[in-house]
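Fit chain B to the known structure of chain A by using the hints.
Protein chains in written order, with my numbering: chain A, 132 to 372; chain B, 132 to 372.
Hint data in this document are derived by calculation from the structure and do not stem from the laboratory. Don't take each hint at face value.
Note that the list lumps identical chains together, so a pair holds whenever it fits in one copy or between two copies.
List time: in silico SDA-like cross-link candidates among lysine to any residue, alpha-carbon distance up to 25 Å [said to hold, decoys possible]:
{"#": "1", "residue 1": "K365", "residue 2": "T192"}
{"#": "2", "residue 1": "K344", "residue 2": "P370"}
{"#": "3", "residue 1": "K341", "residue 2": "D369"}
{"#": "4", "residue 1": "K343", "residue 2": "D354"}
Computed from a prediction, not measured in an experiment: that's the story for all the values here.
2 protein chains.
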Amino acid sequence: MTYCLGIFLPEGLVLASDSRTNAGVDQIAVVRKLACFTTPQDRMIALLSAGNLATTQAVVTILRQAWGQGDPAQDLQTARTLFDAANTVADVYRAVLARDGEHVKPYGDASGSFLIGGQIAGEPHRLFQMYPAGNFIEATPRTQFLQIGETKYGKPILDRALRFDSSMAHAAKLALISFDATIRSNLSVAPPIDLLCYRKDSFANDRLKKYKKSDPDWARIRDAYSDGLMALLKSVPDPEI
Amino acid sequence: MTYCLGIFLPEGLVLASDSRTNAGVDQIAVVRKLACFTTPQDRMIALLSAGNLATTQAVVTILRQAWGQGDPAQDLQTARTLFDAANTVADVYRAVLARDGEHVKPYGDASGSFLIGGQIAGEPHRLFQMYPAGNFIEATPRTQFLQIGETKYGKPILDRALRFDSSMAHAAKLALISFDATIRSNLSVAPPIDLLCYRKDSFANDRLKKYKKSDPDWARIRDAYSDGLMALLKSVPDPEI
Numbered sequence: 132m133t134y135c136l137g138i139f140l141p142e143g144l145v146l147a148s149d150s151r152t153n154a155g156v157d158q159i160a161v162v163r164k165l166a167c168f169t170t171p172q173d174r175m176i177a178l179l180s181a182g183n184l185a186t187t188q189a190v191v192t193i194l195r196q197a198w199g200q201g202d203p204a205q206d207l208q209t210a211r212t213l214f215d216a217a218n219t220v221a222d223v224y225r226a227v228l229a230r231d232g233e234h235v236k237p238y239g240d241a242s243g244s245f246l247i248g249g250q251i252a253g254e255p256h257r258l259f260q261m262y263p264a265g266n267f268i269e270a271t272p273r274t275q276f277l278q279i280g281e282t283k284y285g286k287p288i289l290d291r292a293l294r295f296d297s298s299m300a301h302a303a304k305l306a307l308i309s310f311d312a313t314i315r316s317n318l319s320v321a322p323p324i325d326l327l328c329y330r331k332d333s334f335a336n337d338r339l340k341k342y343k344k345s346d347p348d349w350a351r352i353r354d355a356y357s358d359g360l361m362a363l364l365k366s367v368p369d370p371e372i
Numbered sequence: 132m133t134y135c136l137g138i139f140l141p142e143g144l145v146l147a148s149d150s151r152t153n154a155g156v157d158q159i160a161v162v163r164k165l166a167c168f169t170t171p172q173d174r175m176i177a178l179l180s181a182g183n184l185a186t187t188q189a190v191v192t193i194l195r196q197a198w199g200q201g202d203p204a205q206d207l208q209t210a211r212t213l214f215d216a217a218n219t220v221a222d223v224y225r226a227v228l229a230r231d232g233e234h235v236k237p238y239g240d241a242s243g244s245f246l247i248g249g250q251i252a253g254e255p256h257r258l259f260q261m262y263p264a265g266n267f268i269e270a271t272p273r274t275q276f277l278q279i280g281e282t283k284y285g286k287p288i289l290d291r292a293l294r295f296d297s298s299m300a301h302a303a304k305l306a307l308i309s310f311d312a313t314i315r316s317n318l319s320v321a322p323p324i325d326l327l328c329y330r331k332d333s334f335a336n337d338r339l340k341k342y343k344k345s346d347p348d349w350a351r352i353r354d355a356y357s358d359g360l361m362a363l364l365k366s367v368p369d370p371e372i
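So that you can see chain A by itself, here it is in the shape it has in the complex (with noise of 0.2 Å):
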C-alpha cells in the first residue's frame, strides 16, 4: 500500500507520500512515489501515485521519456494548465492500462490513483485527485486536502485541525503528524517520507524534503506530539461508568 497527502492553501501546496511498496509482507522495497516535472519560471507539476507500482512507474517512465519532446499527448511541457496536464496524466496511464490490464488481470489489479498539483504560469496553483478510472477531481477551500491510498488512519488529525488559512508550516506539521499515525497503525506505509512544500508562483521543487525516521525535525514533531497526547488523554476527564 501507500499514502499520499496533498493539502491546498492559500501560501501554495503541501504534497507528501510515504516510500513503501509491497507485493505480500516478504516483498518490500522502499521507492519514490513522488515525481515532479519542472521549466524554471513556468511550470512545476508533482504527481504523487499509489497503487500497482509497475502501472505507475510506467505513467512517470513515458512522462519523463516526452518531457520536451513536443507531443501534446504526452508531453507535460505543452499542457497549457494543470487541468490540461491532468488530462494528459490520465490519457497515459489508460494506454499504460490498456496495453497491461488483462495480462495483469491474473495476478491482481494493474490500476493505480494519482494526485497532481502545482502551477502552470498564468494560473493559481491547483491540486486534482485522479481515481483509477483516469477521471479526476480538484481541491478547493472547502475540500482542502485529497488523499490516495492508505488514506482512513491518518485522516482523523486532518479533519480536526487543518484549516484553509492555515499556514504552509502548520500544515506541513499535520502531514507529518498524519503520516506518523498511518504509519503506527498499518504496515503497509514507512519512511521515508518526500514532503514538498510548493510556495505559490515559485515554478520550483527546491522545498523537498526527505524525512527519514531518524529525521530529528521529524523526531521532535513526533515526540511533542505523542507526549503531549498521553498527558492531554490524562487531563480529559473520565467518563462516568
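Below, chain B alone, put in the same frame as chain A:
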C-alpha cells in the same frame, strides 16, 4: 457501515457500538447493534454486530428465540464456555447465510461480522471477533482490542494510548474518543453509542449506557479532547520548511 469496538482489560471488558445503518444515503436508520444475553450469577454474553443488517438481526433473533429452550445447537444458555458460545453464534450465522446468501447476492453482500464478549461462570471474561467466514480469534493481553466495521479512523488513538493495565474508566474514555474520531471522518457511523463496561465476575450488564450526541458526559470528553488537541498542535514545533 458500523463501528464496533471491544477492549479486553484485567478489570473486565469495554464494549461499544454505534447506531447507524444505511443502505444508500437515503436509507438511514437508527438500530441497536449490541445485544446481551444474561443469567444472574451465571453468564453475561454480549453480541456486537456489523455487516448485513438482515443477517445480523436474524442471528440475534434466532439466538433470542432459542434462549432457555435447551437446544444446544442454538441456546447460549447451554454453552459451557464463551468459546462454545462463539461457536454457537457461528453455527447460527452460517445457517442464516446458507438460507439467504444466494438470494441476496444479486443485491449485495449478505455477510456479517461479530464481537462476542462476556463471561460464563467457571472461567474468566473473554472476548472474540468473528469474521464473515464464521471463524474467530480471541483477544489477549497482546491483542487487547478488537474492532469490526469501519475500524480505521478510530484505531490510531487506541494504538497510541491503550495499555493492558489501563483502567476501565480510561479505556471507556478512549473508546468514546475513538468513536468521535470515526464519526467526524465517516458519515456511516453515528450516535447514539451503546457502551457496556462489563466488570469481571459481575455476570451482569447493568453498566450499559447509551450516549446520545448531547450526552453531557460525552460532550465534556469530546470538548476537552478537541480543545486540548488544538492547543497541543499549536504547541508542537513546526518543521523547518
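Each hint, compared with the structure:
no.	hint	in the structure
1	K365 x T192	neither (50 Å within a copy, 40 Å between copies)
2	K344 x P370	between (36 Å within a copy, 14 Å between copies)
3	K341 x D369	between (40 Å within a copy, 16 Å between copies)
4	K343 x D354	within (15 Å within a copy, 34 Å between copies)
Hint violations for this structure: number 1 only, all remaining hints satisfied.
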